[in-house]
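Visitor: Here are the chains, one letter per residue:
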Amino acid sequence: MTTETPLTKHINLAQPLAMADYVDVGGYQSVKKAVLQMSASEVMAVVKDSGLKGRGGAGFPTAMKWSFVPDFEPQDPRYSEDKYLICNADEMEPGTFKDRWLLEGVPHQLIESMIIASYAIGANKAFIFLRGEYHLAARRLQTAIDEAYAHGYLGSNIQQSDYQLDLYLHTSAGRYICGEETALINALEGQRANPRAKPPFPQVSGLFGKPTIVNNVETLSNLPHIINQGPSWFKALSNNQDAGTKIYGASGRVQRPGLWELPMGITVRELLFKHAGGMQPGLNLKGFLPGGASTDFLTADHLDLVMGYDEVSQAGSRLGTGGIIVLDDHNCPVGMVLNLLKFFAQESCGFCTPCRDGTAWVVETLTRIEQGQGTKQDLDSLHKLCDFMWLGKTHCALAPGAVEPLQSALKYFHDDFEQHIDKHCCPYHGHH
Amino acid sequence: MSLATQLPRTGEGNIEINQLSYRDYLSMDEIDAIEHEVSIMGKRHAAGIEALKLVQKNRGWISDDSLYAIAELLQMTVSQLEGIATFYNLIYRQPVGRYVIHVCDSISCYLTGYQAVSEAIKAQLGIGYGQTTEDGMFTLLTNACLGSCDKAPAMMIGEDHFEHLTPQSARDILQQLQQERGKKPETTQK
Ligand SMILES: Cc1cc2nc3c(=O)[nH]c(=O)nc-3n(C[C@H](O)[C@H](O)[C@H](O)COP(=O)(O)O)c2cc1C
Ligand code: SF4
Ligand code: FES
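Chains as they are written, first to last, in our numbering: chain V, 1 to 432; chain G, 433 to 622.
No lab work stands behind these hints: they were computed from the structure. Heads up, the beta-carbon is just placed ideally off N, CA and C, and yes, glycines get one too. Treat the hints loosely; a few may be bogus.
Said to hold, decoys possible - Cβ pair distances, simulated, as ranges: (1) V:Ala197 - G:Gly590: 17 to 27 Å; (2) G:Asp464 - V:Asp166: 12 to 22 Å; (3) G:His596 - V:Phe201: 40 to 50 Å; (4) V:Gly372 - G:Arg525: 31 to 41 Å; (5) G:His596 - V:Ser41: 43 to 53 Å; (6) V:Ser156 - G:His596: 41 to 51 Å; (7) G:Arg525 - V:Leu136: 40 to 50 Å; (8) V:Ser381 - G:His596: 37 to 47 Å.
Whenever a hint applies, use it, and build me the whole structure from the sequences.
Guide: Have a look at this one:
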């Protein structure tokens, strides 16, 4: 079986394809097809049929999200109001580095994709919200945007159609919370990036109170291929009920950390042992986070798990971003969870008490345990804190995301926590 | 025109701000670039973050004077802009060195030996996190995941990313930059 890699086929990290070369390999075909031959609702229908789900972490069906953008009748005064598309390129979830590959390696593909998405939802203005640290991506994207304007793919009358789109690059000034879509919208409006209350959802009231769609880089990058090759082709790419390919990643002490575009729904074993080459010599797999820092730990018992949205959820975690972070048996699980929670405590926007205080308490408690000064009561309070910060109790999903690695570590690595407490030291210390 | 103003701040004594009109303080290029951002967003205050980044790129950091000038240009209150400036970790509200070093302290770097690299950097520079070397060359900060998790440990110096770090390679990178000391001391990095 030959595996197709539509998203990454034309990636060149040393020097991404310039406009002419990108067009030579079929780039921007989908734009011509969409704006000249298809109506917006036809584009929407094709994307719906393709079964594309969001690759930003939550796996929400893309066309369904788009369908919430109000479709006003021409006589409605709101008909001519602005709508916006925003590409979420804030990638900052520790252990996640897939979007960077697409941004640096094939920037034109993202622009092509954003034209398709904007056309489908009726937006005439689009933004790429790029994290501030991705300097190389910023330069390459800006070059590509300028080229797209020069070649009539952006601006007014795109490819002689009557469709107009302006696309801007916004580089952020830091903070993980900017990746949360409503916080991102506040940041783009020039405000502090505290998340907004939902509802109203951004699809109805987003940037400057106007209908706004926020989609992840990888999600969007699928669109040209879906338009060109059709929904059945896209569905057939995957090994499971989730359509398409996925850019999976692996980091930690495996032989070959990296990124691979693979059929959606491959197994953890295939990913970690075939592609990542297994563990480094002398190390064994102790556990892993399947999709970034805010997903629950799984263990060596889950190697045959299929990396699809439903499958990973049924195993008690989330597919998240598909970037596996591997814990080996020489790294301390308590130390790992402490590192993760320090990140969440630092990146909490401070808006709501369970998250602002809860993450800080967890860090303090885990530090005590890691240093051999923890007690059994500390374990009880960690369990309580997990409950205190869980879904529905906080203003956004950052705090529940912080709970995921913690609650699952308490479950799977219970013995390690106990040993720290009983022996009054970290049993891994000196084992690196 | 400088109207040195004494602003009382609770608990901190007085600070002096040379409150200029933004026209006397910001360069024409800065004003033009900020106005361009305003024209994209359609609302003046929406350009606040871009404006802070633009001015910081030219001047290294955001001084109180810069804050006042940008706030005036964007017709927002200084406290509103300060609330934004202090929210984002890549806006520096204190003077920084010519090279700002951001060492990734997130999970994949942690699992692959960031601590040893971090200790080597601190020893080489003789400073801790949040500090600037006395010669004004280096400021040392941490950063959340830099997106180099498969090439961890990683750090960013200015706009350059360094990957697969070892204590030795980190020392070498810094030594190379230290050798430039004295060549162009006052300029901030592009
Ligand atoms: C704290 C937090 C951080 C997030 N960071 C990102 C991010 O960096 N990139 C991203 O695409 N989505 C991120 N998300 C998810 C977004 O809120 C949103 O669901 C996503 O951009 C939707 O895109 P999709 O439908 O294409 O998946 C984050 C969510 C939370 C709660
Ligand atoms: S959960 Fe945390 S990040 Fe989200 S709004 Fe509350 S304090 Fe802010
Ligand atoms: S965790 Fe350090 S680069 Fe991602």
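Visitor: Each hint: holds or not?
Guide: Structure-based check of all given hints:
1. V:Ala197 - G:Gly590: 17 to 27 Å: This hint is violated: roughly 38 Å between Cβ atoms.
2. G:Asp464 - V:Asp166: 12 to 22 Å: 19 Å, holds
3. G:His596 - V:Phe201: 40 to 50 Å: Hint holds: Cβ distance 42 Å, inside 40 to 50 Å.
4. V:Gly372 - G:Arg525: 31 to 41 Å: Because 38 Å falls inside the window, the suggested range holds.
5. G:His596 - V:Ser41: 43 to 53 Å: 49 Å, holds
6. V:Ser156 - G:His596: 41 to 51 Å: With Cβ atoms ~46 Å apart, the hint holds.
7. G:Arg525 - V:Leu136: 40 to 50 Å: 26 Å, violated
8. V:Ser381 - G:His596: 37 to 47 Å: Holds - the Cβ-Cβ distance for Ser381 of chain V and His596 of chain G, about 39 Å, lies within 37 to 47 Å.
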